[in-house]
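Participant: The primary structure of each chain is shown beneath.
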Amino acid sequence: MSTPFRQEADGLVLRIPDGGLDQTLLGCPLSSLGIDPGRPVRWLRLEAPAHWSWGTADAAFLDDVLRQLTGEAIRLDGVPRDLQALMSLARGTPSAQAAPAPRQGLRERVGLGVLAWWRETLAMVALIGDMVLRLPRLLTGRAMVRRSEILDVLAESSTRAIVIVSVVNLLMGAILAFVGAVQLKTFGAGLYVADLVGIASVRELAPVMTAIVLAGRTGASFAARIATMQGNEEIDALTTLRVPPEEFLVLPRVAALSLLMPLLYVYACLLSLIGGMIVATLMLDVTATGYLIETQAAIKSANFAIGGLKSVVFGALVALIGCRCGLRAGRSAADVGQATTAAVVNAIVAIIAVDALFAVCANALGV
Amino acid sequence: MTTPRIALHDVSVGYGGRPVQSGIRVEIQAGEIFAVVGDSGSGKSTLLKSMVGLQPLLSGQVLFDGVPLDDAAQDGPPPFGILFQGGALWSSMTLLENVVMPMDLYGHAPATARDLLARFKLALVGLAGHEDRYPASLSGGMRKRAALARALALDPSVLFLDEPSAGLDPLSSRRLDELVLSLREGLGITVVLVTHELESLYSIADRMLFLDGEQHRPVALGAPATLAATSDNAKVRDFLARRGLSDSEREARS
Numbered sequence: 001m002s003t004p005f006r007q008e009a010d011g012l013v014l015r016i017p018d019g020g021l022d023q024t025l026l027g028c029p030l031s032s033l034g035i036d037p038g039r040p041v042r043w044l045r046l047e048a049p050a051h052w053s054w055g056t057a058d059a060a061f062l063d064d065v066l067r068q069l070t071g072e073a074i075r076l077d078g079v080p081r082d083l084q085a086l087m088s089l090a091r092g093t094p095s096a097q098a099a100p101a102p103r104q105g106l107r108e109r110v111g112l113g114v115l116a117w118w119r120e121t122l123a124m125v126a127l128i129g130d131m132v133l134r135l136p137r138l139l140t141g142r143a144m145v146r147r148s149e150i151l152d153v154l155a156e157s158s159t160r161a162i163v164i165v166s167v168v169n170l171l172m173g174a175i176l177a178f179v180g181a182v183q184l185k186t187f188g189a190g191l192y193v194a195d196l197v198g199i200a201s202v203r204e205l206a207p208v209m210t211a212i213v214l215a216g217r218t219g220a221s222f223a224a225r226i227a228t229m230q231g232n233e234e235i236d237a238l239t240t241l242r243v244p245p246e247e248f249l250v251l252p253r254v255a256a257l258s259l260l261m262p263l264l265y266v267y268a269c270l271l272s273l274i275g276g277m278i279v280a281t282l283m284l285d286v287t288a289t290g291y292l293i294e295t296q297a298a299i300k301s302a303n304f305a306i307g308g309l310k311s312v313v314f315g316a317l318v319a320l321i322g323c324r325c326g327l328r329a330g331r332s333a334a335d336v337g338q339a340t341t342a343a344v345v346n347a348i349v350a351i352i353a354v355d356a357l358f359a360v361c362a363n364a365l366g367v
Numbered sequence: 001m002t003t004p005r006i007a008l009h010d011v012s013v014g015y016g017g018r019p020v021q022s023g024i025r026v027e028i029q030a031g032e033i034f035a036v037v038g039d040s041g042s043g044k045s046t047l048l049k050s051m052v053g054l055q056p057l058l059s060g061q062v063l064f065d066g067v068p069l070d071d072a073a074q075d076g077p078p079p080f081g082i083l084f085q086g087g088a089l090w091s092s093m094t095l096l097e098n099v100v101m102p103m104d105l106y107g108h109a110p111a112t113a114r115d116l117l118a119r120f121k122l123a124l125v126g127l128a129g130h131e132d133r134y135p136a137s138l139s140g141g142m143r144k145r146a147a148l149a150r151a152l153a154l155d156p157s158v159l160f161l162d163e164p165s166a167g168l169d170p171l172s173s174r175r176l177d178e179l180v181l182s183l184r185e186g187l188g189i190t191v192v193l194v195t196h197e198l199e200s201l202y203s204i205a206d207r208m209l210f211l212d213g214e215q216h217r218p219v220a221l222g223a224p225a226t227l228a229a230t231s232d233n234a235k236v237r238d239f240l241a242r243r244g245l246s247d248s249e250r251e252a253r254s
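Residue numbers (my numbering), protein chains in the order written: chain R, 1 to 367; chain Y, 1 to 254.
You may find that some hints are simply not true.
[Unchecked claim] Covered stretches of chain Y (in silico footprint by chain R; criterion: 3 or more residues with CB under 8 Å from a CB of chain R, positions within the stretch not fixed):
no.	region
1	44-55
2	75-85
3	88-100
Because the hints were derived from the structure by calculation, they are not lab data.
Yeah, the Cβ is synthetic: ideal placement off N, Cα and C, and Gly gets one too.
Chain R on its own, in the form it takes in the complex:
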């Protein structure tokens, strides 16, 4: 690598070649540039071609060299005045040297992660408690909530989610019937496909799958909406009006999804049973009437009660997690994305975990 510097008695000559400075020299130490760091430098002369037009890279290069040349003030010869002005501008605004962040070891990171998770869990529990306390205000019409907000959320979460809820549950019923039919047919027990699809759909699949669909659609949309409001200072505007965002934004959403989910659950059960019936009648020697009678006999009211209860809890959970992720979001565009992702992931994990809890409780109660 040829160096543009020539060292003289107590000075340096920087010769700019015709094609301009080689930018790979930027950031090189003095020794790599052919400068003896031990020798004092009192002046620096720039020799440039007649029509040299300098750029910020040249200014940065020269500035870097001058910073590395510590000692007495260096006189500059032949350096264009505007280039000198640019360099003094960069030097005149020293950036605050932020203390380097201490490196965190694995144990520290795990510990901090657990603490953050614990804090978030506490915040979530506090939010649930807050909602329970505010519910009477909502029911008696004293809550700072716009009725249109609840209706908007209901409309948005129902009409736009209905297609995907239909498709997912119809297919889940069909897949369950197909898998069941293949196995049960070998034992001559094909009719019991109706029992399998009926119980599994009503008790587990319909509430869980519908909640997961809502987590992906509605929960994510709640998080994105509230996080965007956070970034636009809309939540600050509410707070200055003494309107708690938990009441104005979270409560109507939780109420709306808790009301909507049982309706979607019933619809999802119906679709799932239809999906199972279509496959059973096509694959097995079962009539639609026979299938329906068997389904009716198999599904106990307790199954409906458990499924219905799950749907209410899952609805509230999806709304709470979506809103919480939005409320705790930062104020940048990236934070909106992170809030949305967190809302979906956390809601799905919570749905599965709470479903497992339901299973344990139902087993303990013998339901």
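Dock chain Y against chain R, hints included.
Facilitator: Quick look at chain Y alone, frame taken from chain R:
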């Protein structure tokens, strides 16, 4: 002696326990237009947010008519309206709904009169005929004016303006300044504004407080023109004298 409309007693503001500004002692009288000025990152907006209760004070007290904000009746409306830097209009509502909502929340004025009042306030800021538009369909200047109408919804005695001219062209900025002056003259509102704009500062502010970002404390308090001429702080004089390059300076550089 009359009670000041706003009094700051030894106020310190900051984040995470780290003060950005300390030792702020100011009394703002009713009907005054008071500007908070300073270099970038000096804590102007932080001070404003702390004054309205969006951020806790690290120490000290902010009194509105002699009463701390936290002690004022929490069920009632706040004693102030605020215009945020970006407007902060609720995006899911029309302009009319944005202005009506604070009135609905506090039962301000008879329900039947709220629409009319909101329309009047929108007309006051030059947005008559735009009542049914959503914030996303407005220009920056219109959003600011609509947000100002919302800030006036509850007829507050104090108006906080956070960088009202930011992002506005000079004409819109000037119109906003005139509007603030008219509001003070017509309604006797006290205005506290955070600004960088010298034009606005000289045009409308009665007094200003200069926050020094390096010393983390206020370094000047007084009328802008007086401080520009007599302040013993070079930074304040320099700040207030900045009016762009003169012709001779421009010539010297070319």
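Participant: For every hint, state whether the structure bears it out.
Facilitator: Cross-check of the supplied hints:
1. Note: the region 44-55 of chain Y has 4 residues with beta-carbon separation from chain R under 8 Å; the three-residue rule is met and the coverage holds.
2. Beta-carbon proximity to chain R at under 8 Å applies to 6 residues in the region 75-85 of chain Y; the threshold of 3 is reached and the given coverage holds.
3. Judged by the Cβ-Cβ criterion of 8 Å, the region 88-100 of chain Y is covered by chain R as claimed, because 5 of its residues qualify and three suffice.
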